[in-house]
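Undergrad: Spelled out, the chains give:
There are 2 protein chains.
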Amino acid sequence: MNIILLGSGRVATQLGQALHNAGASILQVYSPTQAHAAKLAAKLDCESISDVSQLRLDADLYILSVNDDALPTLSKQLSLTDRLVVHTSGSTPMSVLEHSSNKIGVLYPLQTFSHEKEVDFSVVPLIIESNNPESLNLLKDLAAKLSTKVLELDSAQRLILHVAAVFACNFSNHLYAISQALLASRQLDFDLIRPLIAETAAKVQLNLPSEVQTGPAIRKDELTIQKHLDSLKDQPQLQEIYRLLSQSIVNLR
Amino acid sequence: MNIILLGSGRVATQLGQALHNAGASILQVYSPTQAHAAKLAAKLDCESISDVSQLRLDADLYILSVNDDALPTLSKQLSLTDRLVVHTSGSTPMSVLEHSSNKIGVLYPLQTFSHEKEVDFSVVPLIIESNNPESLNLLKDLAAKLSTKVLELDSAQRLILHVAAVFACNFSNHLYAISQALLASRQLDFDLIRPLIAETAAKVQLNLPSEVQTGPAIRKDELTIQKHLDSLKDQPQLQEIYRLLSQSIVNLR
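Read top to bottom, the protein sequences are chains X and R.
Mapping of the first sequence onto our numbering: position 59 corresponds to residue 59, and the numbering continues sequentially without gaps.
Mapping of the second sequence onto our numbering: position 184 corresponds to residue 184, and the numbering continues sequentially without gaps.
Okay, chain X solo, but in the shape it has when bound (with noise of 0.2 Å):
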């Protein structure tokens, strides 16, 4: 299969290295700018362009994998009849690709990429979506090249879907940078809590979060929390999400 990869941030670099380790052929790598599309390309082999003019017509399959406040310019600028187009974004209908084809698609990789650390693909949850059979069937039969896991879902499931991957990922993560900033306060390590991190994440790989809710708040320790509260007076954001995720922890009992 040719594929030609638009884009050159974490989810292209990431998922053209998975397809290139597979097998597949990129024949271009396209971006905006010129030295992003080239250190891509070198790692993929293939031939790269700053100018979507430059694009080849002859490719299976064109993966946009670029910010989604990108797409839907870039989805006008191609006109590709009868070649598959899809994006590779969570929260994006596969609708903005109209204008690009006729054949549409989606292939959304369910994962945290680094420029850095390679991801091991295989166990990425790889989420697909597309306007015709065809091309339904040619995205799954790529995508289980790619992963053990591969889910068809509509654009409102893809969005939920997104949406909890915020709170899990992005949110969690956000909650760690906290926690960070709290020790750093105090010329505490941050290495301190890495354990803590590590055990929360493995225990819901075999429960299920609501089951293993531990802290002051689902005890409905007030003694503690205010001590936590009180501890956080100068810092009135932080006490605000204290009080509102302990609240929900209340509420989701």
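Just so you know, these hints were derived from the structure itself, not from any lab.
Hints should not be assumed to be uniformly reliable.
Identical copies look the same in the list; a pair holds intra-copy or inter-copy alike.
Subject to a maximum C-alpha distance of 30 Å in a straight line, what follows is the list of computed BS3-like cross-link-like pairs (lysine-lysine) [claimed, not checked]:
| hint | residue 1 | residue 2 |
| --- | --- | --- |
| 1 | 117 | 149 |
| 2 | 117 | 43 |
| 3 | 39 | 140 |
| 4 | 76 | 227 |
| 5 | 76 | 117 |
| 6 | 145 | 233 |
| 7 | 140 | 220 |
| 8 | 145 | 220 |
| 9 | 149 | 227 |
| 10 | 140 | 233 |
| 11 | 39 | 220 |
| 12 | 76 | 220 |
| 13 | 76 | 39 |
| 14 | 220 | 233 |
| 15 | 227 | 39 |
| 16 | 117 | 220 |
| 17 | 140 | 227 |
| 18 | 233 | 117 |
We have chain X already, so just place chain R on it with the hints.
TA: For chain R alone, coordinates are given in the frame of chain X:
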């Protein structure tokens, strides 16, 4: 070293087993509920009691491992001159034990404990404190038999550490639980999000969370944020949490 354990919850159970495995001699387990005391005492091969008047007075160390709000009352029931009495609470000042003995201290394991899953104590940070150098040394030696990470902190520092742990552990788990509820509302399995949770926690084992923040808030991707808020329109509390944490991500930047 002869130890008496007062408490039979998760921390008492895991700490008792770790002490037992490390070769310490547990003389008695106390719990006001005899069945609970008996259950843990059986694991630790010792006597169980449910009345503090039955406490032996000849132990080297008395560990109070009960809920924070039960500590003041239990402490007042003890009168153990020249015997070291410690508690295992993150947020309770050492001084709560002043009624129990002239030698007091703290042995706080910074970890989240399950009833079922046994924890590898060797990587659990153990925070110690005492009101006299001799007892501090005793706690240092004991802690070093259980873990490679032993740290002396005063009660004020320990409180901040505990608050940081609530954000990183209890609140993160709650975000996982919100994620679980969102997925369940669309008949999606929590299994979908487990690799993401594992990777998010794995990332910060080598990086600082402030340096690996991802998601729409850090990108200031207002379009995606609005789509997410719209999708939560029937759940005002989740909207509020989403807004507050997104704002906090921007502020911490």
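Undergrad: Hint by hint, say whether it matches the structure.
TA: Here is what the structure says about each hint:
Proximity of residue 117 and residue 149 under a CA criterion of 30 Å is satisfied in both settings, with 21 Å inside one chain copy and 27 Å between copies. Taking the shortest Cα distances, residue 117 and residue 43 sit within 30 Å of each other inside one copy (15 Å), while across copies they are farther apart (43 Å). In this assembly of identical chains, the alpha carbons of residue 39 and residue 140 lie at most 30 Å apart only when taken from the same copy (29 Å versus 52 Å across copies). When the C-alpha separation of residue 76 and residue 227 is checked against a cutoff of 30 Å, the pair qualifies only between copies, where the shortest distance is 21 Å, while the shortest distance within a copy is 56 Å.
Proximity of residue 76 and residue 117 under a CA criterion of 30 Å is satisfied in neither setting, with 33 Å inside one chain copy and 53 Å between copies. For a Cα distance limit of 30 Å, the shortest separation of residue 145 from residue 233 qualifies neither inside one copy, at 53 Å, nor across copies, at 38 Å. For the homomeric pair residue 140 and residue 220, neither the shortest alpha-carbon distance inside one copy (48 Å) nor that between copies (33 Å) is at most 30 Å. In this assembly of identical chains, residue 145 and residue 220 lie within 30 Å of each other by CA distance neither inside one copy nor across copies; the values are 48 Å within and 34 Å between.
Taking the closest pair of Cα atoms, residue 149 and residue 227 come within 30 Å of each other only across two copies (26 Å); inside a single copy the shortest separation is 45 Å, beyond that limit. Within a single copy, residue 140 and residue 233 get their C-alpha atoms no closer than 53 Å, and across copies no closer than 33 Å, so neither meets the 30 Å cut-off. Taking CA atoms no more than 30 Å apart as the test, residue 39 paired with residue 220 passes between copies only; the shortest distance there is 26 Å, against 53 Å inside one copy. Proximity of residue 76 to residue 220 under the C-alpha cut-off of 30 Å is restricted to the inter-copy arrangement: shortest distance 23 Å between copies versus 54 Å within a copy.
In this assembly of identical chains, the alpha carbons of residue 76 and residue 39 lie at most 30 Å apart only when taken from the same copy (26 Å versus 68 Å across copies). Within a single copy, residue 220 and residue 233 get their C-alpha atoms as close as 21 Å, and across copies as close as 28 Å, so both meet the 30 Å cut-off. In this homomeric assembly, residue 227 and residue 39 never come within 30 Å of each other (Cα to Cα): the closest approach is 52 Å inside a single copy and 33 Å across copies. In this assembly of identical chains, residue 117 and residue 220 lie within 30 Å of each other by CA distance solely across copies; the values are 24 Å between and 40 Å within a copy.
Taking the shortest Cα distances, residue 140 and residue 227 sit within 30 Å of each other only across copies (27 Å), while inside one copy they are farther apart (53 Å). With identical chains, the CA atoms of residue 233 and residue 117 are never at most 30 Å apart, being 38 Å at best within one copy and 36 Å at best between copies.
In this structure, the hints that do not hold are numbers 5, 6, 7, 8, 10, 15, 18, in rising order.
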